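Assemble the complex: chain F is given as a structure, and chain U must be docked to it using the hints.
The residues making up each chain are set out below.
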Amino acid sequence: GQNIDQPTEMTATEGAIVQINCTYQTSGFNGLFWYQQHAGEAPTFLSYNVLDGLEEKGRFSSFLSRSKGYSYLLLKELQMKDSASYLCAVPAGYSSASKIIFGSGTRLSIRP
Amino acid sequence: KAGVTQTPRYLIKTRGQQVTLSCSPISGHRSVSWYQQTPGQGLQFLFEYFSETQRNKGNFPGRFSGRQFSNSRSEMNVSTLELGDSALYLCASSLAGVGTDTQYFGPGTRLTVL
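Top to bottom, those sequences are chains F and U.
Counting with this note's numbering, you get residues 355 to 466 for the letters of the first sequence.
Counting with this note's numbering, you get residues 82 to 195 for the letters of the second sequence.
Only chain F is shown next, with the shape it has when bound in the complex:
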């Protein structure tokens, strides 16, 4: 079946680094997305990984290991505005009714 797991909540300190993990199971892999969602707002796109390895975009990096069904989002030099939920999502396999499956999201709180 299709499944995504990510931690429910994490706390980190301003200026520090945090890693948010995501493990997935899907029949037929076609990339993994990360979205950021501030409370009361719509999700916004952060990254899309198709190949194994690390992709860096400023303070945010995303890593993918297809053989392990594993991804992480790395946030550096944390700022208070990074307090948000982070959702990983994978396109569903051909046997799934849903076109894309989202994880339940990791709520990240940044403390001063």
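Rather than coming from a laboratory, the hints here were simulated on the basis of the structure.
Quick caveat: nothing in here was measured; it's all calculated off a predicted structure.
For each residue, glycine too, the CB sits at the ideal point set by N, CA and C.
You may find that some hints are simply not true.
[To be verified] Derived DSS-like pairs (lysine-lysine); straight-line CA-CA distance at most 30 Å:
#	chain 1	residue 1	chain 2	residue 2
1	U	94	F	453
2	F	453	U	138
3	U	138	F	422
[Said to hold, decoys possible] Interface residues of chain F toward chain U, partial, derived using beta-carbon atoms under 8 Å:
#	residue
4	396
5	397
6	402
7	441
8	445
9	454
10	456
11	458
[To be verified] Calculated Cβ distances over 10 Å to all of chain U for the following chain F residues:
#	residue
12	361
13	410
14	413
15	434
16	436
17	465
Chain U alone, transformed into the frame defined by chain F:
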């Protein structure tokens, strides 16, 4: 370029009523997808429309339906509302479609069913 817009932003209905939500995609985007977000179930895919055709439908009852117009604007309809339909309904647009392209989300419609 204007982003994805949704109307209305907030809606209160009672059980048994029906509701229609509207979504205008980013100009040039032909794919519009709809999602339901609740604290308990998270973000769940409802359906996707591409060039006026429904391409995929998630695991939701037939009370949830939608359509897309020739200008790519889309509407979602929920009939015979139930308390459990209270949720944030998000639409997203993209060039190539769900799962193959970045989704740009609208601000959502917060539906409360009493």
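Here is how each hint holds up against the structure:
| no. | hint | verdict |
| --- | --- | --- |
| 1 | 94(U) / 453(F) | 29 Å, holds |
| 2 | 453(F) / 138(U) | 8 Å, holds |
| 3 | 138(U) / 422(F) | 29 Å, holds |
| 4 | 396 | 4 Å, holds |
| 5 | 397 | 5 Å, holds |
| 6 | 402 | 7 Å, holds |
| 7 | 441 | 6 Å, holds |
| 8 | 445 | 3 Å, holds |
| 9 | 454 | 5 Å, holds |
| 10 | 456 | 4 Å, holds |
| 11 | 458 | 4 Å, holds |
| 12 | 361 | 14 Å, holds |
| 13 | 410 | 18 Å, holds |
| 14 | 413 | 19 Å, holds |
| 15 | 434 | 22 Å, holds |
| 16 | 436 | 19 Å, holds |
| 17 | 465 | 23 Å, holds |
Of the numbered hints given earlier, the model fails none.
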